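Protein chains: 2
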Amino acid sequence: MAKYDDIVNLALRRGLFYPASEIYANAPAGFYDFGPYGAAIKRKMIELWRQELVQKEGMLEIDGAITMPADVFKASGHLTGFADPITKCEKCGATYRADTLLEEETGNKFQEAAPVEELTKALREAKLGCKKCKGKLSDVVRSSLMVKAEVGVATKSPVYLRPETCQSIFCDYARMLKTMRVKLPKGIAQVGKSFRNEISPRQSLLRQVEFSQMEAEIFFDVDKINEIENFEEVERYKLRFLMLGKKAVEEISCKDAVAKKVVSGKLIAYFLARTQQLYEKYGIPSESLRFREVGKDEKPFYSKETWDFEVETSLGWLELVANNYRTDYDLKGHAAGSGKDLNFVEDQGRKFIPHVWEISAGVDRTFYAILEQAYKQKDERVWLSLVPRLAPLHAAVFPLLSNKPELTEYAEKVYKQLKGCYEVFYDESGSIGKRYARMDEVGCPICITIDFDSLKNKDVTIRDRNTTDQKRVKVSELGNKLFSLFTGASFEKI
Amino acid sequence: MAKYDDIVNLALRRGLFYPASEIYANAPAGFYDFGPYGAAIKRKMIELWRQELVQKEGMLEIDGAITMPADVFKASGHLTGFADPITKCEKCGATYRADTLLEEETGNKFQEAAPVEELTKALREAKLGCKKCKGKLSDVVRSSLMVKAEVGVATKSPVYLRPETCQSIFCDYARMLKTMRVKLPKGIAQVGKSFRNEISPRQSLLRQVEFSQMEAEIFFDVDKINEIENFEEVERYKLRFLMLGKKAVEEISCKDAVAKKVVSGKLIAYFLARTQQLYEKYGIPSESLRFREVGKDEKPFYSKETWDFEVETSLGWLELVANNYRTDYDLKGHAAGSGKDLNFVEDQGRKFIPHVWEISAGVDRTFYAILEQAYKQKDERVWLSLVPRLAPLHAAVFPLLSNKPELTEYAEKVYKQLKGCYEVFYDESGSIGKRYARMDEVGCPICITIDFDSLKNKDVTIRDRNTTDQKRVKVSELGNKLFSLFTGASFEKI
Numbered sequence: 200m201a202k203y204d205d206i207v208n209l210a211l212r213r214g215l216f217y218p219a220s221e222i223y224a225n226a227p228a229g230f231y232d233f234g235p236y237g238a239a240i241k242r243k244m245i246e247l248w249r250q251e252l253v254q255k256e257g258m259l260e261i262d263g264a265i266t267m268p269a270d271v272f273k274a275s276g277h278l279t280g281f282a283d284p285i286t287k288c289e290k291c292g293a294t295y296r297a298d299t300l301l302e303e304e305t306g307n308k309f310q311e312a313a314p315v316e317e318l319t320k321a322l323r324e325a326k327l328g329c330k331k332c333k334g335k336l337s338d339v340v341r342s343s344l345m346v347k348a349e350v351g352v353a354t355k356s357p358v359y360l361r362p363e364t365c366q367s368i369f370c371d372y373a374r375m376l377k378t379m380r381v382k383l384p385k386g387i388a389q390v391g392k393s394f395r396n397e398i399s400p401r402q403s404l405l406r407q408v409e410f411s412q413m414e415a416e417i418f419f420d421v422d423k424i425n426e427i428e429n430f431e432e433v434e435r436y437k438l439r440f441l442m443l444g445k446k447a448v449e450e451i452s453c454k455d456a457v458a459k460k461v462v463s464g465k466l467i468a469y470f471l472a473r474t475q476q477l478y479e480k481y482g483i484p485s486e487s488l489r490f491r492e493v494g495k496d497e498k499p500f501y502s503k504e505t506w507d508f509e510v511e512t513s514l515g516w517l518e519l520v521a522n523n524y525r526t527d528y529d530l531k532g533h534a535a536g537s538g539k540d541l542n543f544v545e546d547q548g549r550k551f552i553p554h555v556w557e558i559s560a561g562v563d564r565t566f567y568a569i570l571e572q573a574y575k576q577k578d579e580r581v582w583l584s585l586v587p588r589l590a591p592l593h594a595a596v597f598p599l600l601s602n603k604p605e606l607t608e609y610a611e612k613v614y615k616q617l618k619g620c621y622e623v624f625y626d627e628s629g630s631i632g633k634r635y636a637r638m639d640e641v642g643c644p645i646c647i648t649i650d651f652d653s654l655k656n657k658d659v660t661i662r663d664r665n666t667t668d669q670k671r672v673k674v675s676e677l678g679n680k681l682f683s684l685f686t687g688a689s690f691e692k693i
Numbered sequence: 200m201a202k203y204d205d206i207v208n209l210a211l212r213r214g215l216f217y218p219a220s221e222i223y224a225n226a227p228a229g230f231y232d233f234g235p236y237g238a239a240i241k242r243k244m245i246e247l248w249r250q251e252l253v254q255k256e257g258m259l260e261i262d263g264a265i266t267m268p269a270d271v272f273k274a275s276g277h278l279t280g281f282a283d284p285i286t287k288c289e290k291c292g293a294t295y296r297a298d299t300l301l302e303e304e305t306g307n308k309f310q311e312a313a314p315v316e317e318l319t320k321a322l323r324e325a326k327l328g329c330k331k332c333k334g335k336l337s338d339v340v341r342s343s344l345m346v347k348a349e350v351g352v353a354t355k356s357p358v359y360l361r362p363e364t365c366q367s368i369f370c371d372y373a374r375m376l377k378t379m380r381v382k383l384p385k386g387i388a389q390v391g392k393s394f395r396n397e398i399s400p401r402q403s404l405l406r407q408v409e410f411s412q413m414e415a416e417i418f419f420d421v422d423k424i425n426e427i428e429n430f431e432e433v434e435r436y437k438l439r440f441l442m443l444g445k446k447a448v449e450e451i452s453c454k455d456a457v458a459k460k461v462v463s464g465k466l467i468a469y470f471l472a473r474t475q476q477l478y479e480k481y482g483i484p485s486e487s488l489r490f491r492e493v494g495k496d497e498k499p500f501y502s503k504e505t506w507d508f509e510v511e512t513s514l515g516w517l518e519l520v521a522n523n524y525r526t527d528y529d530l531k532g533h534a535a536g537s538g539k540d541l542n543f544v545e546d547q548g549r550k551f552i553p554h555v556w557e558i559s560a561g562v563d564r565t566f567y568a569i570l571e572q573a574y575k576q577k578d579e580r581v582w583l584s585l586v587p588r589l590a591p592l593h594a595a596v597f598p599l600l601s602n603k604p605e606l607t608e609y610a611e612k613v614y615k616q617l618k619g620c621y622e623v624f625y626d627e628s629g630s631i632g633k634r635y636a637r638m639d640e641v642g643c644p645i646c647i648t649i650d651f652d653s654l655k656n657k658d659v660t661i662r663d664r665n666t667t668d669q670k671r672v673k674v675s676e677l678g679n680k681l682f683s684l685f686t687g688a689s690f691e692k693i
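Chains as they are written, first to last, in my numbering: chain R, 200 to 693; chain S, 200 to 693.
If you're looking for bench data, these hints aren't it; they were derived computationally from the structure.
Keep in mind that the hints are not guaranteed to be accurate.
No copy is singled out in the list; a pair is fine if it fits within one copy or between any two copies.
In silico lysine-lysine, DSS-like type, Cα no more than 25 Å apart, as pairs [said to hold, decoys possible]:
{"id": "1", "residue 1": "Lys633", "residue 2": "Lys460"}
{"id": "2", "residue 1": "Lys498", "residue 2": "Lys531"}
{"id": "3", "residue 1": "Lys670", "residue 2": "Lys202"}
{"id": "4", "residue 1": "Lys480", "residue 2": "Lys392"}
{"id": "5", "residue 1": "Lys335", "residue 2": "Lys618"}
{"id": "6", "residue 1": "Lys465", "residue 2": "Lys445"}
{"id": "7", "residue 1": "Lys633", "residue 2": "Lys382"}
{"id": "8", "residue 1": "Lys680", "residue 2": "Lys255"}
{"id": "9", "residue 1": "Lys612", "residue 2": "Lys382"}
{"id": "10", "residue 1": "Lys618", "residue 2": "Lys382"}
{"id": "11", "residue 1": "Lys392", "residue 2": "Lys243"}
{"id": "12", "residue 1": "Lys330", "residue 2": "Lys655"}
Fair warning: this is a prediction, and the values are worked out from it, not measured in the lab.
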């Protein structure tokens, strides 16, 4: 728990993230804002997902409205099936999520999908009362997670804020077929906001009412689940599985996972590999990652096969990406609900509803996991060892002393040169130690300092965030240094 | 009107944008989705704003929650002051915006801020009835534009979806002061979704319920409104003003606009210039742009000085950016509402509430304006002459014929090389003319075609989207060509 608190404190201290509308005492729980450095890290994290998953895999990325009519969620099953088990104090009105309350108070783990009768029974057996006033708790009932929006003075049908971005993808699939020359398999992806009416939002970014997702839905021909281009690129790559009922992770190559029927086909193994690889690029070592097989009781109602991609954190294993085999559930539902033909028509004339493999990543949770992974402490010093592509700044430029015009002038020149191409921060006030500390804590990979020798020798001191090592570099080499650091490329190697 | 229809048709044909949840017959009006090419153009448009305005001006960019508690909007004045004048048919219940209905039916322009009594009187004088059933229309009343969200089973205070992104900025200002070493003037910026309960959403992207804004709030010391760094960079730059009551645009340099008191100070002239320059970079010629002075009756309730930045379109002059001098209205309101001290404290100890200059740009409207500007037609051919930085693709690669393996193989090689660094589209099927047309219509600047000569000479044909000119270029030169096109830089000039 300590590390979680460290992260939250760092976030408040440096404005990485903090409760939304925080100046208002009665701002609701479950909403967070990202400050400048946090927003930059989040943006770069999304950009890496876009480059490594969406663009490399030739997916189509859409950007859909958050608000959708009730009919969409009737068809998707959310209006009836998407609800938390809650219990309410009959005396003071305090409301609890029954499964969470039971776990907190009894230490036993309960499925949120467990029947309400079972949860009520457990509540009674444990003789639980209201945590606040000890009043009697009601029988457990289901409370919808859908957030309704009051739109339109004369709207006929109620509208909701989507609980998952993929519903826009399913609704837009017909337009993609019509306009984008789709060949299967084809991913359609989206990053954006979703809303869930959590009864007890908690743990800051980890369980919010308003949150962001980056989702990819891969549409494919179920008869060709074993035909996927570039499979050879991943066939020896090892996936880390935690099988149902097992306690230890097993490393299995994509090829073996298919051969041993751990997964339903090559396409699934391929995208599990791409997902694990993305998180390794985020700087999370594979030892801290696993695909947990999700059992029947716990699986979402639409999924045939689910692997929760989890990361090990100070709070335990945390789900970052839900990988669901949604089959033709959604397209069939929307075809029935809308009366539209959502068949895919092959060149040869064969018609069918594609199946869907879903890679549903939580943006905020991924952000938290990256921060926790990057958070380092040694004595008093705290730094974020973010991979260069996620660093909110490329570099900082400091004159060693602020009251020497010749230093500040030269430092500003260096700053302005770099600013044309890089995100650079200039700071001249306060002790150099405090200026370093500030940059370390937001993960800025290098600090460039100008002292009196710099004026003579046309060089600067570069300080490395992770090691605090310093070395002198000619000003004329700065462009190359930054270029190498951020692209991995080097002119020296040409 | 014709061009507007052309754009909407193009958008549907190529999936640039289209109604959200469109497969459902009763999907509400006022919500749009962006397809892959539209989303890419929008994203690049936002990125240009970020680079040219936010980053160059050293602003802080935040990313705040859409949902905010009622108290925020009590303090901002939106809960009482932000409402449309509506009239309802007493027979069939159809609802109209009174000012819009009056303008449509009588041709006279009415202010949406006009007193309801005045609008009722005009309605009666014009003897207007319901457009659908000719029933009697009610007296005009104000209908709130705020969208309420039903969040939390036990939430004490109602929550709303923000009607403008800047409210997150005002609420986060205190956190910025605490964590970001703010010196005035300092811009805080944000791009994100906002919601307004439009009574009659219309004209696709131009008046939606859910829409995006890119806003910048510049906090400054009112005593130093004439102290702004780099003013000399813009002092001779000409702003295009349409003064109150005037019919013609006057071009006035920033320096003169300050001297002649057209604007309240240098800071305002400076940011008007930066705004106009941004839109020139978007590819809109300055002749189609103007700052319209907004009179007392029409100004938002919080503004002391307002310039609506407008673009000339086929629908008339369209507001893209509201430039408002919000003074200390918002921070004072939130200080009173939250009980927090929102004073800025200078090094010398002077305390004061900063004033605010707002640059509030509509993302969707800007997107539309860019599309209309870029839309070109010559006989049957349609193309989007987007500036390179806004093009959704960098290039397309085509083998001239699809049934010749030696061509497709070579074309795929070229494609894969470029894909490492650029957003490239590969297409091998259909006539070459249709493939060109598709790329022209989404604004892809160059098409690269591989024919039999390419195999012999290791060269390709590059076709220019705007001119359709073709020339042969060595494959080894392709990297340089694309680099020059998209950065404006050239190795040849070194």
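Checked hints:
When the C-alpha separation of Lys633 and Lys460 is checked against a cutoff of 25 Å, the pair qualifies neither within a copy, at 56 Å, nor between copies, at 44 Å. For the identical chains of this complex, Lys498 and Lys531 are intra-copy neighbours only, at 19 Å inside a copy versus 50 Å across copies, given an alpha-carbon limit of 25 Å. Within a single copy, Lys670 and Lys202 get their C-alpha atoms no closer than 32 Å, and across copies no closer than 60 Å, so neither meets the 25 Å cut-off. Taking identical chains as interchangeable, the C-alpha atoms of Lys480 and Lys392 lie at most 25 Å apart only when both belong to the same chain, with a minimum of 24 Å there against 30 Å between chains.
Neither within a single protomer nor between protomers do Lys335 and Lys618 lie at most 25 Å apart by alpha-carbon distance, with minima of 63 Å and 63 Å respectively. For the identical chains of this complex, Lys465 and Lys445 are intra-copy neighbours only, at 23 Å inside a copy versus 69 Å across copies, given an alpha-carbon limit of 25 Å. Taking CA atoms no more than 25 Å apart as the test, Lys633 paired with Lys382 passes between copies only; the shortest distance there is 18 Å, against 55 Å inside one copy. In this homomeric assembly, Lys680 and Lys255 come within 25 Å of each other (Cα to Cα) only across copies, at 22 Å, whereas the closest approach inside a single copy is 27 Å.
For the homomeric pair Lys612 and Lys382, the shortest alpha-carbon distance between copies (20 Å) is at most 25 Å, but the shortest distance inside one copy (52 Å) is not. For the homomeric pair Lys618 and Lys382, the shortest alpha-carbon distance between copies (19 Å) is at most 25 Å, but the shortest distance inside one copy (43 Å) is not. For a Cα distance limit of 25 Å, the shortest separation of Lys392 from Lys243 qualifies both inside one copy, at 17 Å, and across copies, at 19 Å. For a Cα distance limit of 25 Å, the shortest separation of Lys330 from Lys655 qualifies neither inside one copy, at 69 Å, nor across copies, at 81 Å.
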